[in-house]
Amino acid sequence: MFISIFGAIEAGVIYAIMALGVYLSFRVLDFPDLTVDGSFVTGAAVAAIAITHDVSTVLATMLALITGFIAGSVTGLLNTKGKINPLLSGILMMTALYSINLRIMGQSNIPLLNQSTVFTRLSDIWSGLGIDTTLNQGLSAIGASSLPRTWSILIVMLVVTLVIKFITDYYLKTEVGLALRAAGDNEKMIRSFSANTDHLKIMGLGLSNGLVALSGALYAQYVGFADLNMGVGMIVVGLASVIIGESIIGTKSIMRTTFAVILGAILYRIVIALALRSTFLDANDTKLITSVLVILALVIPKLISTHKESKRKRRKRIALQQRAKGEV
Amino acid sequence: MLEVNDISLTFNEGTPDEKQALQDINLKLSKGDFVTVIGSNGAGKSTLMNIISGALLPDVGDVQINQKKVTMMPEYKRSQYIGRVFQDPMAGTSPTMTIEENLALAYSRDKKRSLRPGVNKKRRDFFKSALNSLHLGLEDRLSAKVGLLSGGERQALSLLMATFTNPDILLLDEHTAALDPSRAELITNLTREIVEETQLTTLMITHNMQQALDLGNRLIMMDKGQIILDIAGEEKLTLTIEKLLHEFQRIRGEQLGDDRAILG
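Read top to bottom, the protein sequences are chains A and B.
Per the numbering used here, the first sequence starts with residue 52, numbered consecutively.
Per the numbering used here, the second sequence starts with residue 66, numbered consecutively.
Note that these hints are calculated values from the structure, not bench results.
For each residue, glycine too, the CB sits at the ideal point set by N, CA and C.
Check before you lean on any hint, since a few could be wrong.
One-sided excerpt, in silico: chain B residues whose CB lies under 10 Å from chain A [said to hold, decoys possible]: (1) GLY148; (2) ARG149; (3) THR303.
So that you can see chain B by itself, here it is in the shape it has in the complex (with noise of 0.2 Å):
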């Protein structure tokens, strides 16, 4: 489904700054797979997703969709394959246009533009029934502005939106970690019932160890730029967060550093 060849990436290449943000990448997603990408800050986990979303362009190596190369495919376009949910709340709807507008937006996401209006009866029944998974209510709060909403409640929307056209790939880029512990557990909780139910192929990254352990049928660590763990099926069922620290010593010779992602 998703595949990801020798892919490496270096920022400000020939300056002091330069800093070699990922090595040699290779990941080859089966369809369904719902993979979890732990690993510090500056390990390469955000790059890697944003090379495959096409707001950052590899210098060499390619980006397969579903047998198609789409390396060098502007982000616009390529975003009719991927559905994404931000880290910022704010970041995934308009908050000025309504709940409805804003879906009508994610629902044009596979199909072409046109001159009739966005909203209609029929989508209009369609959203509601969709808001319904959500459990939150909002399917009565159509004509609401989204700006009004709280953050939980826009990045349910935004999970919503990027996962209703069922698009080939989802990415989620630490979807849960700017909202408050309650907040972020819905949204874990709605995240695994969505990818469940819709099967869609997942990469989620994520800085808390015990989401990366519970969620998914595979399981990838990054550091400095590559992959340096990769624990799938059975292995990943008995896996524990002192399993995981233990194995990132064995291999790097160090102690895992960044707290955030012991204690996430």
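If we strip away everything but chain A, and leave its shape as in the complex, we get (with noise of 0.2 Å):
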């Protein structure tokens, strides 16, 4: 049970990586983009071939951000130079980088397992520090049964996750930033006061697929492969991330959100492993539980606010019946 939560954490954080992504376009931009599922393999895939070519791991890593960049940016340009619906240019896009994922790993499945990657490297000088040990002598001594092989994936990305967190939110509040969220929300108006918002959006689209290329990569260093199927219904996966987060933390600031949407990617996880747990749902339907969680999500928060306001309303009117009476 703790391991298997365990691990889930450690995939969500690295998964939280991929739902800022999914963020940025989502929600800043308000552009519903499904290159996501396409990216998030292009950036497994980018770093898996270039770690079998002997590439230094921190490299392939950000070559696969780069690479993620680019794809996002193209679909940007369908979009803004293309004049194609946002949608669509997801979809496009998503659908040609199945082939050029195919391309760039040669076979379906480019296994990791005897390849150093980031992880290995960690753990590597881990080990040498003996916080492994130190935190599980605290874990056996609370009565945890079984104990996690190494903390060091959780705690460094942990940071890597909040680092990139604070970098948004940072980014988010400088003039291109300010600029970027207008273009969200406003693009008439930004665009008289004299901002071009073609650019923002292709680079803003850049910006979502290269963190979620960023995650793909480091997951699939995480898993020790990567795999042409490994991203689809990735999407789904950032929404109901974001959602989740959302819908729990809520949305008064974009410091808020940001931590709202890591905190949301780590809940879907632990929801998933849990589910699983269960005897009657296996692996085939992650995809399942993943959209009934995002349903969820979404309607929950409306019926209780619903409710509520009915109540408020009956406890009005109640009172002010009883009001009536007693003047009577």
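Assemble the dimeric complex from its two separately framed chains, guided by the hints.
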């Protein structure tokens, strides 16, 4: 139990980077960008190919980010210069990327098990620090029976994800970032303040898919392979993270929302892990569970607020009736 | 300051829906001119404004701002010279962003946007003093989201955003028409104050004849894509609604058809 949740949190923190990318396109730019399904795999494919060709792991991961940026920019170009509807631009790019990813990989699956990845390099450095022993001692002291092999992935990925979060927060408050947000909010207005909305959208989608590809690259190294189909339904996972996070934490400020998105990604993995432990669901049901989760996260908050509202009104009416009776 | 030379524009040319929106429009605004534009629906007022702002490109003719030809310059580039306020109070601001963030967007109009924070201490002070001039207490709500403001407040903010960087030209497209009478009066007064103080070269479309008479130093009337009347200076001061209607009848040989334009 503990180990499976621990694994879910690890994967969740890596997925959170993808979710931040989806937040940029879906919320900030108001652009439902389906490129994500393709660019996640592109990131994994580029990193896997680079690593198996003995490129340094960090460089391979950065290459993935850049490739993702290019893929997103093309979607932006299709939409702004080609005047193709946002949804269709994303679908076209996602479809094209399927073939491109296969070209990059040369085969539909690249194992990375015996390769050195960012995580194997990390654990080499990490094991010398003795943090694992300390943390695991603490855990066994409170009665945990099975202990995680290493804390390095969780802690370092958490730091990386938070750094990306803070950079995103800062970026969205810069002059360019403000213009980007306005481009998603009120395009006509920001054009009247001399901002090129086409460039902003292309850049925004590029950044978004850059993060998605980075997440894909890290995920491939985490699970030890890149697979052509690992991105199927990724956009819904991203949306699930954004929506679950937002409905729990709220969207009062940018900092709060990006935090919500990260937490949403982790929660999503935990819920999936718990659901899969039940006897009647198996790994093939993951997509169904994901969709149900998104639907619940969208519907429940609305139901709660309608219920609260009607309760408030009923209270008011009753109070009024009672006052009327008292006066008569 | 602003020159519009021989502009013509036809919509849907060669189809049964063909409409000549503008015919050989010539208009010259000197620095500090405040011109009000009236005319019935479909007269071409908004089309003219969209050609000046670059939202539409003319078939023939050219537009010059500060002796610089901008006819084919894309809208977003041209808007560094032009401040605009739209009729819809929702159109001029970004609802999910705060008041200070909206002002920061407007502040970057004539500058290159960089990766520095859009709002800093110095700018915040500047924004506060600018908001002060609206007398709406918005200076105490810098971090409130603009979507929470009322239509009048949003339009006042739009007006401030359009003007506080001193653009070469200010375009007002019926910017009081969607507000209730008291809010409309507030925005009208603010417009008068701001234009007087900043001496911006202004072109204002209005459906309200009284407003067109009260504001500005020059009035033009448009009909069927042409400028049919252009009154400035002393003559404008003595102008009345009756005289305007009479003039229209004299030129066009028919009554001004649109009740909204008459009663406005």
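We went through each hint and held it up to the structure:
1. Interface hint status for B/GLY148: upheld, as the beta-carbon distance to the closest one in chain A is roughly 8 Å, under 10 Å.
2. Residue-level restraint check for B/ARG149 holds (minimum Cβ-Cβ distance to chain A is 5 Å; threshold 10 Å).
3. With a least beta-carbon distance of about 36 Å to chain A, the hint placing B/THR303 at the interface is violated under the 10 Å criterion.
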